[in-house]
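If you read the protein sequences in the order shown, they are chains P and H.
Just so you know, this note's numbering puts 13 at position 13 of the first sequence, and the rest follows in order with no gaps.
Just so you know, this note's numbering puts 19 at position 19 of the second sequence, and the rest follows in order with no gaps.
If you are wondering where the hints come from, they were derived from the structure by calculation, not from laboratory data.
Quick reminder that beta carbons are idealized off the backbone N, C-alpha and C, glycines included.
Accuracy of the hints is not assured; some may be wrong.
If we take Cβ atoms under 8 Å as the criterion, some of the chain P residues that face chain H in the derived model are [unchecked claim]:
no.	residue
1	47
2	154
3	157
4	159
5	196
With a straight-line cut-off of 27 Å between C-alpha atoms, the simulated DSS-like cross-links for lysine-lysine are [as the list claims (entries may be wrong)]:
no.	chain 1	residue 1	chain 2	residue 2
6	P	247	P	300
7	P	257	P	247
8	H	24	P	319
9	H	116	P	52
10	P	156	H	51
11	P	73	P	180
12	P	319	H	3
13	P	13	P	300
14	P	180	P	156
15	P	180	P	301
16	P	300	P	267
17	P	180	P	300
18	P	267	P	319
19	P	52	P	13
20	H	26	P	156
21	H	3	H	51
22	P	156	H	24
23	P	319	P	300
To list a few chain P residues with every Cβ distance to chain H over 12 Å, as calculated [claimed, not checked]:
no.	residue
24	144
25	155
26	175
27	222
28	223
29	227
30	246
31	312
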Amino acid sequence: MLQGHQSWVFENKPVIIGSAAIGGPFEAQGNFAADFDLLHDDLWLGQESYEKAEKKLLEQACETAIKKAGVKKEDIQFFMSGDLINQIISSSFTARTLGIPYVGIYGACSSSMEGLALASLMVDSRFATLALAGTSSHNAAAEKQYRYPTEYGAQKPPTAQWTVTGAGAGVVAQLGDGPKVTSATIGRVVDMGISDPFNMGSAMAPAAVDTIEAHFRDLNVSAADYDFIATGDLGRVGHIIARDLLKKHGIDIPEEKLTDCGMLIYKDTQPVFAGGSGCACAATTTYGHFLNRMRRGELKKILVVATGALLSPMSYQQKETIPCVAHAVSIER
Amino acid sequence: MEKFIWAFIIGGSICVIGQILMDKFKLTPAHTMCTLVVTGSILGGFGLYDKLIKFAGAGASVPISSFGNQLVKGALQEAQQTGIIGVLTGIFEITSAGISAAIIFGFLSALLFRPKG
Numbered sequence: 001m002l003q004g005h006q007s008w009v010f011e012n013k014p015v016i017i018g019s020a021a022i023g024g025p026f027e028a029q030g031n032f033a034a035d036f037d038l039l040h041d042d043l044w045l046g047q048e049s050y051e052k053a054e055k056k057l058l059e060q061a062c063e064t065a066i067k068k069a070g071v072k073k074e075d076i077q078f079f080m081s082g083d084l085i086n087q088i089i090s091s092s093f094t095a096r097t098l099g100i101p102y103v104g105i106y107g108a109c110s111s112s113m114e115g116l117a118l119a120s121l122m123v124d125s126r127f128a129t130l131a132l133a134g135t136s137s138h139n140a141a142a143e144k145q146y147r148y149p150t151e152y153g154a155q156k157p158p159t160a161q162w163t164v165t166g167a168g169a170g171v172v173a174q175l176g177d178g179p180k181v182t183s184a185t186i187g188r189v190v191d192m193g194i195s196d197p198f199n200m201g202s203a204m205a206p207a208a209v210d211t212i213e214a215h216f217r218d219l220n221v222s223a224a225d226y227d228f229i230a231t232g233d234l235g236r237v238g239h240i241i242a243r244d245l246l247k248k249h250g251i252d253i254p255e256e257k258l259t260d261c262g263m264l265i266y267k268d269t270q271p272v273f274a275g276g277s278g279c280a281c282a283a284t285t286t287y288g289h290f291l292n293r294m295r296r297g298e299l300k301k302i303l304v305v306a307t308g309a310l311l312s313p314m315s316y317q318q319k320e321t322i323p324c325v326a327h328a329v330s331i332e333r
Numbered sequence: 001m002e003k004f005i006w007a008f009i010i011g012g013s014i015c016v017i018g019q020i021l022m023d024k025f026k027l028t029p030a031h032t033m034c035t036l037v038v039t040g041s042i043l044g045g046f047g048l049y050d051k052l053i054k055f056a057g058a059g060a061s062v063p064i065s066s067f068g069n070q071l072v073k074g075a076l077q078e079a080q081q082t083g084i085i086g087v088l089t090g091i092f093e094i095t096s097a098g099i100s101a102a103i104i105f106g107f108l109s110a111l112l113f114r115p116k117g
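Isolated chain P, as found in the complex (with noise of 0.2 Å):
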């Protein structure tokens, strides 16, 4: 039901019967190893190219959530996804791989929240009993399309962020054991005007506070209500400025309860810049890390708003600056 102006409230609960988190070599290495199902030692997968490798990434968390729920994928009916790679084809040949009545969905790093909340509205709204929602991302592959290429050795400055090697996926049901979906916000686009690339962390932070505003206020709730609320991947540099205009904007989140999955993922001395980034950022770390404590009972009800630049190679290399968005979705034990 829409509650507010841009949020939706789901009120059958729909419920994450099984979820995966799949990573690479670097991710291995990091704070939330051992809620990855699955750790690639090798950065190509065995693949012959990184977008191959990416797409594997997908197909096995699609693969191992479904086994996880315990359901079979032909009971599946719809299966929503999004990465990065130009026409979303790493989602896009994962469901020719699955078979599963597939929406391509493009929200940059915000499409795993926006693949989570439209998979849960349409099982609240009774149009799905099962859906699937996924998302990838692969760091080579990633830097190959938004940056250089890695042998070209360019240089990057402290506000870059290292894109995740992951996938996540997540099999949304109307009945069953796990954590349930309450609610969601679908952010609006904010552009203040940053151009650079590498500080995609500064360009988005105002989306993220932008949807948590939004959150908030339809909803008539406050941080109070949340164990925390983990923005997707504004890295060190954006969270510092997202702090700055929650402030700004009168809006009260404790030190404590606001963190960020680009900032948790890896660690400190790992050489990440200013953090993790890329749609498996806020992916794995959520349908890996965050779920496995709220099963586990450590965790009561969180907002995950996972945070999207949507720009591309070519727009940023025309000079226009970066429109972001942010999806909130809100997970209850």
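Following the hints, position chain H against chain P.
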């Protein structure tokens, strides 16, 4: 000993200019490189870059700006000997070793390693 210090200072300064172009003026690495090459060739055209090399040695001859200088130097030398067409035939005269080395070593490493990024 003084020679080494000047090499360090001049070579380092050229690198600092490159870093400022990237960080402050938001030039891409390719634009930064081209700017240094063009600057080197202009200085070379006025005969100033060779003086810098004489003064700072490897500090001036190793950075990419030296490549621009050598392009111009080769073209001018050949033009003096064979006329105006020498500008075209001489431009890679001095730099051919560097360019050939880049191609050959690039090819060899591509054979040994996986070059797709």
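A quick look at each hint next to the structure:
1. 47: Hint on residue 47 of chain P: violated, closest Cβ of chain H at ~11 Å, above 8 Å.
2. 154: For residue 154 of chain P, the interface hint holds, since the closest Cβ of chain H sits about 5 Å away, which is under 8 Å.
3. 157: Holds, because the Cβ-Cβ distance from residue 157 of chain P to chain H comes to roughly 7 Å (cut-off 8 Å).
4. 159: With a closest approach of 11 Å, the residue 159 of chain P hint is violated.
5. 196: Status holds, d = 7 Å.
6. P:247 <-> P:300: Within the cut-off at roughly 25 Å; holds.
7. P:257 <-> P:247: holds, 14 Å
8. H:24 <-> P:319: OK: residue 24 of chain H and residue 319 of chain P at ~16 Å, within 27 Å.
9. H:116 <-> P:52: holds, 13 Å
10. P:156 <-> H:51: violated, 34 Å
11. P:73 <-> P:180: holds, 21 Å
12. P:319 <-> H:3: violated, 44 Å
13. P:13 <-> P:300: holds, 14 Å
14. P:180 <-> P:156: violated, 40 Å
15. P:180 <-> P:301: Distance ~9 Å between residue 180 of chain P and residue 301 of chain P Cα, so the pair holds.
16. P:300 <-> P:267: holds, 25 Å
17. P:180 <-> P:300: holds, 10 Å
18. P:267 <-> P:319: violated, 34 Å
19. P:52 <-> P:13: violated, 36 Å
20. H:26 <-> P:156: holds, 12 Å
21. H:3 <-> H:51: Between residue 3 of chain H and residue 51 of chain H the Cα gap is close to 14 Å, so the pair holds against 27 Å.
22. P:156 <-> H:24: holds, 13 Å
23. P:319 <-> P:300: Judged against 27 Å, a Cα distance of about 44 Å means the pair is violated.
24. 144: violated, 6 Å
25. 155: About 7 Å separates residue 155 of chain P from the closest Cβ of chain H, which leaves it inside 12 Å; violated.
26. 175: About 47 Å separates residue 175 of chain P from the closest Cβ of chain H, which puts it past 12 Å; holds.
27. 222: holds, 40 Å
28. 223: holds, 37 Å
29. 227: holds, 40 Å
30. 246: Fine: 29 Å to the nearest Cβ keeps residue 246 of chain P off the interface.
31. 312: The claim holds: residue 312 of chain P sits with its nearest Cβ about 17 Å from chain H, beyond 12 Å.
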